[in-house]
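Heads up: the protein sequence lines correspond to chains A, B, C and D, in order.
Sequential numbering of the first sequence, starting at 1, is according to the UniProt record's numbering.
Sequential numbering of the second sequence, starting at 1, is according to the UniProt record's numbering.
Sequential numbering of the third sequence, starting at 1, is according to the UniProt record's numbering.
Sequential numbering of the fourth sequence, starting at 1, is according to the UniProt record's numbering.
It is possible that part of the hints are untrue.
Short, incomplete list of chain A residues facing chain C, as computed with Cβ under 8 angstroms [unchecked claim]:
#	residue
1	143
2	275
3	410
4	413
5	427
In the BS3-like style, the derived pairs of lysine-lysine whose C-alpha atoms are separated by at most 30 angstroms in a straight line are [claimed, not checked]:
#	chain 1	residue 1	chain 2	residue 2
6	D	419	D	132
7	B	173	A	115
8	D	132	C	173
9	A	394	A	347
10	D	67	A	126
Keep in mind that the hints were calculated from the coordinates and are not lab data.
Note that CB positions come from ideal geometry on N, CA and C, so glycine has one too.
4 protein chains.
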Amino acid sequence: MIPRYSRPEMTALWEPESKFRIWFEIEAHACDAQAELGVIPKEAAKAVWDRGNFEIDRIDEIERETKHDVIAFLTNLQEYVGDEARFVHQGMTSSDVLDTCLNVQLTKAADILLKDMDDLLAALKKKAYDHKDDVCVGRSHGIHAEPVTFGLKMAQAYAEFARNRERLVNARKDIATCAISGAVGTFANIDPYVEEHVAKKLGLEPEPISTQVIPRDRHAMFFATLGVIASSIERIAVEIRHLQRTEVLEAEEYFSKGQKGSSAMPHKRNPVLTENLTGLARLVRMATIPAMENVALWHERDISHSSVERGIGPDATITLDFALARLTSVIEKLVVYPDNMLNNMNKLGGLIHSQRVLLALTQAGVSREDAYRLVQRNAMVVWREGADFMELLKNDEEVTNALSHEKIEGVFDLEYHTKHVDTLFKRVFGE
Amino acid sequence: MIPRYSRPEMTALWEPESKFRIWFEIEAHACDAQAELGVIPKEAAKAVWDRGNFEIDRIDEIERETKHDVIAFLTNLQEYVGDEARFVHQGMTSSDVLDTCLNVQLTKAADILLKDMDDLLAALKKKAYDHKDDVCVGRSHGIHAEPVTFGLKMAQAYAEFARNRERLVNARKDIATCAISGAVGTFANIDPYVEEHVAKKLGLEPEPISTQVIPRDRHAMFFATLGVIASSIERIAVEIRHLQRTEVLEAEEYFSKGQKGSSAMPHKRNPVLTENLTGLARLVRMATIPAMENVALWHERDISHSSVERGIGPDATITLDFALARLTSVIEKLVVYPDNMLNNMNKLGGLIHSQRVLLALTQAGVSREDAYRLVQRNAMVVWREGADFMELLKNDEEVTNALSHEKIEGVFDLEYHTKHVDTLFKRVFGE
Amino acid sequence: MIPRYSRPEMTALWEPESKFRIWFEIEAHACDAQAELGVIPKEAAKAVWDRGNFEIDRIDEIERETKHDVIAFLTNLQEYVGDEARFVHQGMTSSDVLDTCLNVQLTKAADILLKDMDDLLAALKKKAYDHKDDVCVGRSHGIHAEPVTFGLKMAQAYAEFARNRERLVNARKDIATCAISGAVGTFANIDPYVEEHVAKKLGLEPEPISTQVIPRDRHAMFFATLGVIASSIERIAVEIRHLQRTEVLEAEEYFSKGQKGSSAMPHKRNPVLTENLTGLARLVRMATIPAMENVALWHERDISHSSVERGIGPDATITLDFALARLTSVIEKLVVYPDNMLNNMNKLGGLIHSQRVLLALTQAGVSREDAYRLVQRNAMVVWREGADFMELLKNDEEVTNALSHEKIEGVFDLEYHTKHVDTLFKRVFGE
Amino acid sequence: MIPRYSRPEMTALWEPESKFRIWFEIEAHACDAQAELGVIPKEAAKAVWDRGNFEIDRIDEIERETKHDVIAFLTNLQEYVGDEARFVHQGMTSSDVLDTCLNVQLTKAADILLKDMDDLLAALKKKAYDHKDDVCVGRSHGIHAEPVTFGLKMAQAYAEFARNRERLVNARKDIATCAISGAVGTFANIDPYVEEHVAKKLGLEPEPISTQVIPRDRHAMFFATLGVIASSIERIAVEIRHLQRTEVLEAEEYFSKGQKGSSAMPHKRNPVLTENLTGLARLVRMATIPAMENVALWHERDISHSSVERGIGPDATITLDFALARLTSVIEKLVVYPDNMLNNMNKLGGLIHSQRVLLALTQAGVSREDAYRLVQRNAMVVWREGADFMELLKNDEEVTNALSHEKIEGVFDLEYHTKHVDTLFKRVFGE
């Protein structure tokens, strides 16, 4: 966890306080169920809720001796609850507490991330409608292709994050399980009802079959999904970085008063937020492989996954939360320059209409091969000499044999390219 | 693609023949739609279907000159179709063909993999029921814990692969889209109807909004999902490798007549198939990160993803197909040794019942801390000196103050541990 | 291995023919040593060299039965050599042959890659000198910073690849070892002299201590090094892609006659080679993690590394060989546009000199904070309104209080920025 | 950084205090050099050393406004130094400070890690000599192969870490550079002498050619090397986990008084430290790919690498430091059970001698194929029925036709396998 790339709500979720609070709830709910079943006295369950408490420093102190965190916690709990604490944790194994707790944390993390994505989707949608008809050149390979609109770029990002949202909903489901199944998952020492009860209280599903642990394919899927989301963040970040290049400057991160771009060059306004997002994406993504390596635990479990999750659990979710929020803010405040968009588009002397010329020629009966040759021969002159494409075409006899001057002019109409913007917005926003 | 780790159906899917066949279908279906719209003559569409064909060597020859594969294909197609071929590909961009083709290949690959997983699930289910009640020791940290059954191990694997199957269904949906939207995805030169028509014919959904390409977050999710599945394969493979260890030998890969384990040591029967699966899992998993790195294409597209997909597209799917089939065969033929399971379980002189002793003591009123101390002190003697745990307990006065000899004996009953096998099977297999 | 991204020499190295040839040499050299030691008859060693041979199809046929490749090879060898073949492989284990062979292949691969890097270094050096003094704007964050020269960019790439070359020399050393140490590496059944002899004949060092296999940390280091080299390729590829952007166009990949940029847009000249290199870099890099996962083999060995190496061994080296050669060709033929460089640099109305103004002001006694404020206030006007920076400064009284008009003009001198180009070239090229 | 997996010295290195201290030194040394060159007054340089200071909270406060950390630091420094501070940082760019600082931190981290590795090597060497002649079975594929000694296992690990040490020395060299070259690395505003001076004072080499930043291929190589080292840690950790398995128990992590293995099962002594190391290895390794992705910065630099390095810089070095120290402690305290080693080895009824029988047969004139058949047929009986291998051979007429009973007995001699232990120790330890 890097403090400057973290936000308080998500960070709090991973602090010892939250963890032990969840442990306590798991144990206390389990006591309720055990009491219902008559396995332990009802008063014991009540005592746990009434007097149960913990103190982090004390737990740490006990753990230094026992080298076992759950036992340390239970010992500390007993110090508050007293004798009745001997009924706590009965029939359970440490992993019941640890794994269920981790899944509570991950589902809560997912909820925060889903909220983040809602905010991002709202920002993208607003920006899409604000600039729905602002024409700019589409670029493939970094080279001018044909016109699009800035709104379409935002709509594309919206669609991508709508997919990511759905993926995260699936991934959340994948880790929203609870295991209270005892030492090796057989319920030998604890009735399945306890698991059902605790799961319900915590908003989880019972894990259908656990070993000692909740199977780690679930977590691998969760972190892989975060990696995909991070990659989408990178895509938009890279787009904005490109648009802010000095020679392009079609959009720009908001640059606040007092901000300094460079200690050496006072004129600089750099896309540092989106560059930062590009790096954060790498950090989130790097959790994917270790999460997958965690799946192949030995037999009913080994504990190699634990240190990995102590790292990537907080780090990947905190970083992604921060990155989503930062991206939302970048989008909301993004300064867009429609005039520059038009200026850039016109730099190529009309070459972006070359395909339409090609189509017009073929529709006028010229063979595809010939049409391509005609277009390319004129295009290359524009490219090399900066001439005007339309003029060249009007002066090319082979072209004018097929197309009148009027037809040629019609081909250079911008609205031709934006006629399906509504169609695409309807597909994306459903409205 | 490594020939020895590939199967014919999946491999064929990625051969030039398949690819060009799909290209042809995309173009021909698009012509149908264009003809319906009146954009091109109906005869042209018919001519494409009637005379359309391609020859791989000829395409390669043309590509060597044009350095552009789709143009090479279209030129070759024209050689078969003749003049009417000028109507082919109208308003489309190469990516419309390439990306839609890739998604056809990936959905077909997913179908093969789903079939593989059905076979694997069937094998796991059969093995689970065959050994439902074969008790073996559960191990955490590689150390004996408490009894489970071999059937439960198989059921756990079944549940894991049932989850993986569902993930793959989701991932398949993610890449089952078709884009026929023209140069930069604006439908400027082609009506959205063409996309709808081609999508329907190919069993895909129209891509709601493409740039020039189908967005690569879809493919990232797909390959990440393959990575998770591979990790689950690794888990089972590692389990079997452990069970086949000389000192354990609770299960063993089938060893055919004529097979040789070692050029030097003729007695050896090695778990080479599951070791191989462990390696194959790494190979499948390694596609995840490059697929994620592919997401951040520049502007409306760059072509950096293409070489990556030429590698990981075939490699990850072919390897996973092979690995799933190999795992299925390993499971089907797995030789299981229930006697060895019991022998191993009894090695620890009854220590695996220590938790039950602990529970019995607390239920008899001993404090948890005291109970733990009593159990551990006897357990450590067994551990060090190989004594019999039950006997020691019967001779420990502090223990017998709380538990009668009869109670102690009751605690060592194996059926206690298997009483919920039915519950778990019902949860997993629903029956 | 993707045929279109492979070159014949490297590809041949990984074909069965090469592999079995190396196997044969290992066995035959081992026989010589064994004969010298008197362990086997001298005639047997001679017979192996004289009559030894193999046929790939026949080996495959035998392997289908034995499921063991080395035994299949030895059986086939015996078919050629006859009875004396029983002395072949004596005291050796399959891994002695397999691992030594792999290391021969990897060292040969490294030699090809080193040759590739020499070619690349030569191309970079030539380009560096050709454009040593061609001034272009340096960009940080994609934003104009201060002037550099195109030659410096090439020199930087040269220095980076000179480092990479040294890393590869180290990595080659790491895998240039030979193990002929028998079943579990103890030399129980074979004298260490045999290993020394074979190592010498094959240009390798004896592995100081092997288990059954040559330890895989060596290979992990090798593939990690390839990953770093690939990342450097990506860096230069991305640089060229940026420089070829329509709005920048300071350099451009060579575009051959007959080449087609787009099936739809005939005017397009896309940086497809460097985009391709960006993707190939991802492919090479993905071998790193599986190679690291291969290190932790079980006990004296398991065979999980083998399938991984069958994949990444050929794939990473073939792809990197192709990528290096392609990059060399891109650099050699790169079309550079010095005029565009100057035009781009002048776009910002002199803002790139802002730091020098800042320095001049502080040297004239203005406080750093004040100087920064003065420069930024004028720079922001240029940025917003496109004004001329020098003119603005001359009209800013606070500035002219510290700097005369002559001093201000002096600050806008381009040669100021290139005065250390010679220093840097001397550092990089030593001349 | 995970507190429980970190040690104070390495952690301190990455704290703000250390960072700003290094920044201060870079700036102050640079002032000295500038004063020597006559660029700034000697008193200014003296003032910086005399009065220079910083306060972290104040820097943070300023950064919140300027959003630029180096400017914030310089502003705070000025508050201590006063007016003469305007000569500080002259001609430098932020990256000169940041990148040189990072390399100081990484070289210091490398020094700590090298010390860690020396400790580990010493522990491995001691354990190797302590158990040089303790025979245990070597295992390939988890299956008994032939005898080795526990000392050889330790020697193998020693050799592996000696290689890793050398790799880290190389990697340290790779990042031990200093750049003080100004805005885009051209030395336009600062004399190369300043870089040379600062480099010397900080124990670094001048970066031959920087852009605005020190090239990131250096850091990629550094983190990749940490990844290889982590993989070697995993290998030994996995070895110990295997040896501690209940059925094997040839070695065991030290289990302290008071330690608790399981909250549920008091008898358990789990290899939790080596399982933890297995997980930590994954964490260190995951830095490799993002470090490689950092290489391809745009043009003269972008800042995407920065957030990545804020994560992996501390995390990978702190985790590896902790892991090396933990592994050293595990090795030092490792409890070794030579008796269990012999017991396990004898479990297979002498089958581990099968290869020697094979050799003896071929040396007695039996063909390799026949010898293999004879050995395998007897071995399979042992395998299936638990018979004694030597007895079976003595009763196999085809065998006794070639080998006398005496010869057969000679083949079962353990010392045969350990005769080259000295050779191997000499190779590894040079003594």
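Here is what the structure says about each hint:
1. 143: holds (5 angstroms)
2. 275: holds (6 angstroms)
3. 410: violated (18 angstroms)
4. 413: violated (17 angstroms)
5. 427: violated (22 angstroms)
6. D:419 / D:132: holds (12 angstroms)
7. B:173 / A:115: Judged against 30 angstroms, a Cα distance of about 24 angstroms means the pair holds.
8. D:132 / C:173: Given pair residue 132 of chain D, residue 173 of chain C holds - Cα atoms ~29 angstroms apart, limit 30 angstroms.
9. A:394 / A:347: holds (19 angstroms)
10. D:67 / A:126: holds (27 angstroms)
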